[in-house]
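There are 2 protein chains.
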Amino acid sequence: MLRLRQLEALSAVITTGSISGAAKTLGISQPAMSRLIADLSKNFEFNLFNKRDGQLTPSQEIQLLYPDIERVLELMGNIQNTSAEINDRKAGHLKIACLPGFATSHLPKVVATFLKNRPEVTMTIEPDRPERILEWMAGEQYDIGITDGFSGHPSVERTEIDIRTVCVFPQGHALGQLKEITPTDLINEKLIHSRRDSVFFQSVSQAFQRAQIEFKSSIEVRQFTAACELVSNGLGVSILSELDASKYVNTGLEFRPFRPKIPHRLALLRPTLKRPSMISLEFMQLFHESLRQYQQ
Amino acid sequence: MLRLRQLEALSAVITTGSISGAAKTLGISQPAMSRLIADLSKNFEFNLFNKRDGQLTPSQEIQLLYPDIERVLELMGNIQNTSAEINDRKAGHLKIACLPGFATSHLPKVVATFLKNRPEVTMTIEPDRPERILEWMAGEQYDIGITDGFSGHPSVERTEIDIRTVCVFPQGHALGQLKEITPTDLINEKLIHSRRDSVFFQSVSQAFQRAQIEFKSSIEVRQFTAACELVSNGLGVSILSELDASKYVNTGLEFRPFRPKIPHRLALLRPTLKRPSMISLEFMQLFHESLRQYQQ
DNA sequence: TCAAAATATAACATTGTATTATATTATTGA
DNA sequence: TCAATAATATAATACAATGTTATATTTTGA
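Protein sequences, first through last, are from chains P and E. The first sequence begins at 1 in the working numbering and counts up one residue at a time. The second sequence begins at 297 in the working numbering and counts up one residue at a time.
If you are wondering where the hints come from, they were derived from the structure by calculation, not from laboratory data. One or more hints might be untrue.
As the list claims (entries may be wrong) - Straight-line alpha carbon distances no greater than 27 Å define the calculated BS3-like cross-link-like pairs of lysine-lysine that follow: (1) Lys-386/E x Lys-42/P; (2) Lys-320/E x Lys-338/E; (3) Lys-274/P x Lys-90/P; (4) Lys-116/P x Lys-90/P; (5) Lys-116/P x Lys-95/P; (6) Lys-391/E x Lys-543/E; (7) Lys-543/E x Lys-475/E; (8) Lys-95/P x Lys-274/P; (9) Lys-274/P x Lys-338/E; (10) Lys-570/E x Lys-512/E; (11) Lys-391/E x Lys-51/P; (12) Lys-543/E x Lys-486/E; (13) Lys-570/E x Lys-386/E; (14) Lys-116/P x Lys-247/P; (15) Lys-347/E x Lys-274/P; (16) Lys-247/P x Lys-261/P; (17) Lys-347/E x Lys-95/P; (18) Lys-338/E x Lys-51/P; (19) Lys-391/E x Lys-90/P; (20) Lys-338/E x Lys-90/P; (21) Lys-570/E x Lys-42/P; (22) Lys-557/E x Lys-543/E; (23) Lys-570/E x Lys-51/P; (24) Lys-405/E x Lys-543/E; (25) Lys-109/P x Lys-247/P; (26) Lys-391/E x Lys-347/E; (27) Lys-247/P x Lys-179/P; (28) Lys-247/P x Lys-216/P; (29) Lys-190/P x Lys-261/P; (30) Lys-386/E x Lys-405/E.
Unchecked claim - Taking beta-carbon pairs under 10 Å as the criterion, some of the chain E residues facing chain P (in silico): (31) Arg-301; (32) Leu-361; (33) Ile-382; (34) Leu-474; (35) Pro-572.
All C-beta atoms, glycine included, are put in the ideal place defined by N, C-alpha and C.
Using the sequences and the hints given, assemble the complete structure.
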């Protein structure tokens, strides 16, 4: 049976041109090297070297095999290195499924920070609708999912993060005078809001009911970016997470905390059964930390 | 230290999906396989498999390493196979330096026969002048040299082959009446011949001297192919080896043995110091045999 | 829940890989 | 040419890798 150690020995002899030199480069004794080469010679039944003025040069047969032999040794080195990098959390691949809003705003910054010290890590980021994300997580297609209004699934483990809710309005609007904004303050405002079937919309709508203020729906949008664009064009005001709102500051918008406190609940997901890789745990931690400043 | 056996074990577990299945495919006991995997797991400090409904599936980290691992195993197999083929004389590479005449006429047939049963053997055939061939052989650039008029060199070993000499003339020429041709028969013929400084020319010229017949030089050529072309165009007759002449039969030429017997001496060369590969010895033998029918 | 299957652990044999000590073979320079 | 020296091979031996069988433990599925 051909052994890896024999090939290492062969390679060392070819590069040094002698048994004793090869022994030195591999850091073993000369007799050990002698035997490795003798064993290999028995294995390959042809002669390995020609002796020419004191130098061992590879035989034609060995020259034929040499490229493959070197490749094997190189690949073994690669495997070792990569495994070390995986343990240093510097290599690996991460598949993240998230809401489209995240893919374009908050996530890229977190990813950039994460990859800065992990040059060998690669990532896949797939933005899609919440139902699709859930499906993918349950099917273990992705390592991490980021969504909102998640109500649980047996094969998906979640970490929930409550983000502060704010009211956004165009710069210079009268609401800017207030410290906090309640439904009562919005009595004459047109509201731009997310889908009516979303958990978050229902919480907001309840708050208005309790305050006995009519919720004046103006436009229903699917993404907070659209809402912010509309608000900055003076088409109304909106109630959304501070995380989303903060991306639109400096583009003609202002925001103030909304009262009563309604959390915008994000969910960080991972498949329950699939053992998470170290980098995926690290990423989840970093992502969680990145939201701390917006957390309720 | 990462061991090859561990990678074989890993690959078997990945393909079978279980430890015991992998043990079966490698033909070892289940505890042996258990230990190989445990050792590898200790080596790679991350987890190797996820268990999912009784099946072991490779972890993300292993998936990252798997292509290289498979490649290593494949290459080891290749090396084994190729070494076996070398021993069956079915693989290798042969470098042959020869006179241009050989490269275009006799050699291709021999090469074709040789390669028929040795599909993995590759060859380099380099045609050049005799001095260059000698130089290459002495410098161990080539395995085999084929030349003529070789007078010896300390680092080149030769096998000499004497080829019968014939006189070629155009079809229908009066010489066709004779069984053998002597210098006397050529008294009125114009002669097309090789270089005056060649060993062979000097032998022929001596034969004419002894017969006291003038050698009527018409054209001096460097290659027998040129001589044959000229002869078939009626520009004279020529004296050359039967080997060369036989290639030009059926193209308007005839030949008869030339007397006195003058051998056209070919030399099969190989470097003295360089240990010959098995295929080069086999090729030399086949080449020698292929000339038997023309041998004096 | 319980029997069967899969896997892990223990005790031990064999072989690969190294060691040191020593013999043999090449190389080299007076 | 021959002795000194370097290179390599062989022998005796230690220890780790790799296998075995026997047995315990865990998982799986009816």
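These are the hints, each one checked on the structure:
no., hint, in the structure
1, Lys-386/E x Lys-42/P, "19 Å, holds"
2, Lys-320/E x Lys-338/E, "23 Å, holds"
3, Lys-274/P x Lys-90/P, "21 Å, holds"
4, Lys-116/P x Lys-90/P, "10 Å, holds"
5, Lys-116/P x Lys-95/P, "17 Å, holds"
6, Lys-391/E x Lys-543/E, "24 Å, holds"
7, Lys-543/E x Lys-475/E, "20 Å, holds"
8, Lys-95/P x Lys-274/P, "13 Å, holds"
9, Lys-274/P x Lys-338/E, "20 Å, holds"
10, Lys-570/E x Lys-512/E, "46 Å, violated"
11, Lys-391/E x Lys-51/P, "20 Å, holds"
12, Lys-543/E x Lys-486/E, "22 Å, holds"
13, Lys-570/E x Lys-386/E, "21 Å, holds"
14, Lys-116/P x Lys-247/P, "22 Å, holds"
15, Lys-347/E x Lys-274/P, "8 Å, holds"
16, Lys-247/P x Lys-261/P, "21 Å, holds"
17, Lys-347/E x Lys-95/P, "20 Å, holds"
18, Lys-338/E x Lys-51/P, "43 Å, violated"
19, Lys-391/E x Lys-90/P, "48 Å, violated"
20, Lys-338/E x Lys-90/P, "19 Å, holds"
21, Lys-570/E x Lys-42/P, "21 Å, holds"
22, Lys-557/E x Lys-543/E, "21 Å, holds"
23, Lys-570/E x Lys-51/P, "8 Å, holds"
24, Lys-405/E x Lys-543/E, "12 Å, holds"
25, Lys-109/P x Lys-247/P, "12 Å, holds"
26, Lys-391/E x Lys-347/E, "55 Å, violated"
27, Lys-247/P x Lys-179/P, "20 Å, holds"
28, Lys-247/P x Lys-216/P, "25 Å, holds"
29, Lys-190/P x Lys-261/P, "21 Å, holds"
30, Lys-386/E x Lys-405/E, "18 Å, holds"
31, Arg-301, "9 Å, holds"
32, Leu-361, "6 Å, holds"
33, Ile-382, "5 Å, holds"
34, Leu-474, "50 Å, violated"
35, Pro-572, "9 Å, holds"
Against the hints set out earlier in the document, violations occur for numbers 10, 18, 19, 26 and 34.
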